[in-house]
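Student: Each chain, letter by letter, is given below.
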Amino acid sequence: MQAKQYIGEGWKHSILIIGAIVVLLPFYMMVSMSLKSQQEIQSISGGLIGAQEVQTFPVCVKTGYSEETCTTKPYIYNYWFAFEKAPIPRYLMNGVIVTLSIFIIQVLVAMPCAYALAKLRFYGREFVFSMVLFCLLIPVHGIALPLYIMLAQAGLVDTYSALILPWTISVFGIFLMRQFFMTVPDELIDAARMDGMGEYSIVWKVMLPTAIPALLAFAIFSVVAHWNDYFWPRMVITGNRDLFTPPLGIREFRGGIDSDEFGPMMASIVTVTVPLIVAFIIAQKRFIEGITLTGMK
Amino acid sequence: MLKDLNVDIKDGEFLTLVGPSGCGKSTLLRIIAGLEQQTSGDVLIDDKNVNKIRASERDLAMVFQSYALYPHLTVRRNLETPLRLRDYNSFERLPLIGNFSPNKKNKTESINQLVNKTSETLKISELLDRKPGQLSGGQRQRVALGRAMVREPVAFLMDEPLSNLDAALRVHMRSELSELHNSLKTTFVYVTHDQAEALTMSSRMAVMIDGNLLQLDTPQEVYDNPSSLSVAQFVGSPKINIFSGSSDSSGTVSFLNVSLKRKSLETNSKLNIGIRPEHLEITNQSDENTFSATVAYRENLGSDIFFHVNTEEGMSRIIVRGIPQLTHQISNGSKVNIKRVSDKALLFNQEGKRIKFNNA
Chain A
0 MQAKQYIGEG WKHSILIIGA IVVLLPFYMM VSMSLKSQQE IQSISGGLIG
50 AQEVQTFPVC VKTGYSEETC TTKPYIYNYW FAFEKAPIPR YLMNGVIVTL
100 SIFIIQVLVA MPCAYALAKL RFYGREFVFS MVLFCLLIPV HGIALPLYIM
150 LAQAGLVDTY SALILPWTIS VFGIFLMRQF FMTVPDELID AARMDGMGEY
200 SIVWKVMLPT AIPALLAFAI FSVVAHWNDY FWPRMVITGN RDLFTPPLGI
250 REFRGGIDSD EFGPMMASIV TVTVPLIVAF IIAQKRFIEG ITLTGMK
Chain B
0 MLKDLNVDIK DGEFLTLVGP SGCGKSTLLR IIAGLEQQTS GDVLIDDKNV
50 NKIRASERDL AMVFQSYALY PHLTVRRNLE TPLRLRDYNS FERLPLIGNF
100 SPNKKNKTES INQLVNKTSE TLKISELLDR KPGQLSGGQR QRVALGRAMV
150 REPVAFLMDE PLSNLDAALR VHMRSELSEL HNSLKTTFVY VTHDQAEALT
200 MSSRMAVMID GNLLQLDTPQ EVYDNPSSLS VAQFVGSPKI NIFSGSSDSS
250 GTVSFLNVSL KRKSLETNSK LNIGIRPEHL EITNQSDENT FSATVAYREN
300 LGSDIFFHVN TEEGMSRIIV RGIPQLTHQI SNGSKVNIKR VSDKALLFNQ
350 EGKRIKFNNA
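These protein sequences, in sequence, are chains A and B. Going by numbering that gives the first Met the number 0, the letters in the first sequence line up with residues 0 to 296, in that order. Going by numbering that gives the first Met the number 0, the letters in the second sequence line up with residues 0 to 359, in that order.
Since the hints were made in silico from the structure, they are not lab data. Virtual Cβ for every residue (Gly too), placed ideally from N, Cα, C. Any given hint might turn out to be false.
Here are the computed lysine-lysine pairs in the DSS-like style, where the Cα-Cα straight-line distance is at most 30 angstroms [unchecked claim]:
(1) B:116 / A:204
(2) A:204 / B:130
(3) B:334 / A:204
(4) B:116 / B:238
Which chain B residues stay away from chain A? Per the calculated CB distances, all over 10 angstroms, these [to be verified]:
(5) 49
(6) 68
(7) 229
(8) 302
(9) 355
Please model the complete structure; the sequences and the hints are all you need to start from.
Tutor: Written out as structure tokens, the structure is:
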């Protein structure tokens, strides 16, 4: 009985372990490559961290740094050169500004909308809600061009507004919060009305605190999507490097005249990915709560 | 949904709106509260028309079936919320800068006093720092009552507040609510589908069925003198027995093989005769005042035994109360004679309207 149980459990675990390896391998490669020298990367040798021999890096010298500065261990060089070559802190800050602004405005819009769609009775409510569902079906890329033209007409290309404005109304957020609000008992809202709250107070003082798990789930969807977005920033940020978001920044390391250097490139990718991973680990429990709560993936 | 009804609630009374689910009693309560808008008619509080006044400004407090406490706030904050919203002005409610208002301190103090006083009355002082999620059903019920009480409203509206409690606690809370009503001397309007709650607690009860107000009277009067067949059937547990019978030209009412002594005002018609289970008894003798029946099921409640019996004609299943000492040897399937207690039968016509006796 015992042995049988172990075999059964063993099967499950081995399948899960294989799955985990498939998911984690690219991350392993990313971290490993960010630590190794160019030769080790190209010859696929050196294990996780490589030999870490002190050496002089030719691309560095070509860029104009002194030979002394360019002679160091590969991991130091990779991260140092990544930050030297591109203003990564600036990109990270842009990422934070853009994703946070998007998220906050999305919440400001989605909460009252979702409340109205879930709890208020008005003529045409079902129609409005079906329109919200319909909007979920529209792919972003389908309306990218008209959006771009509108922003260009308004003279907003190459500004933060161009990065933020198109995403401020999230139909997904409205839908998600509406589904959550449906589960909040009507009596709670009636009680708040009897206590003297207005409809806006109810949204922010009663519905918002009860909706924290759903809101966190939405936060992760929203922040991850816009932190990692490459397509839209690539369209509306045409020249100004000060407005680059992290994914645009990584593009700077794409092979140029001075050959591809994978080390610094991977170092920059690690830097860009770490904030998300940390955020996920902190919010992990809530995130899973939120997903199971809404049945969304 | 509600059909042309008029309820005059007296100051300080415990009025129960009772009826089967879907009869409109909750709707009526919500209209009084101002949570729902009536399509026609007026709501008056202290002779003032409040049709256009918002729920929060009608100075009423409501207790809900699901308690409806704010789940993210402590018990103390739950109790404070209605007071803060009423007493602080919008500037004082602002976080941080609101504290600079000169009057806020006094107001906060009076709020604290009210909260403490209420929580002592309800014996929830030691729960003040907990969240509603950490409380039992009975405790939540008390907090919900407390949140209604702190405002010292002109009337309490309660929408089936005891339905979510277990049976023992429900019976206990009944007596507590009655005591609370006696000490507060405020008007209570209480909605329930449980006729036992209505009978035990109210000073007057309003029986509503299908949006109609059928009878509004003291519990005793409603029980003894129901205005219609539906009221008689709704109030009382076990249900009243209904026999079909008829009256002859002199007004003598007869059913099965029994005739009543009193004469009906309605002659020559088919009638329904209602007799409550406690007004029937099992007897050994057999005469013109008894009828025989077969016991189908015996329901022993300890203090009483209820016999569900089938009459000879197989017309209907009726329920008879028996005293355990006298009837414990009667088992399922035995034949019994049933006698009625005189002067207790109620007459209803075919439409269910109450008919008076001639001499009454």
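Student: Now tell me if each hint is right for this structure.
Tutor: Each hint tested on the structure:
| no. | hint | result |
| --- | --- | --- |
| 1 | B:116 / A:204 | holds, 26 angstroms |
| 2 | A:204 / B:130 | holds, 16 angstroms |
| 3 | B:334 / A:204 | violated, 67 angstroms |
| 4 | B:116 / B:238 | violated, 43 angstroms |
| 5 | 49 | holds, 14 angstroms |
| 6 | 68 | violated, 8 angstroms |
| 7 | 229 | holds, 29 angstroms |
| 8 | 302 | holds, 37 angstroms |
| 9 | 355 | holds, 44 angstroms |
Hints 3, 4 and 6 from the list above are not met by this structure, while the remaining hints are.
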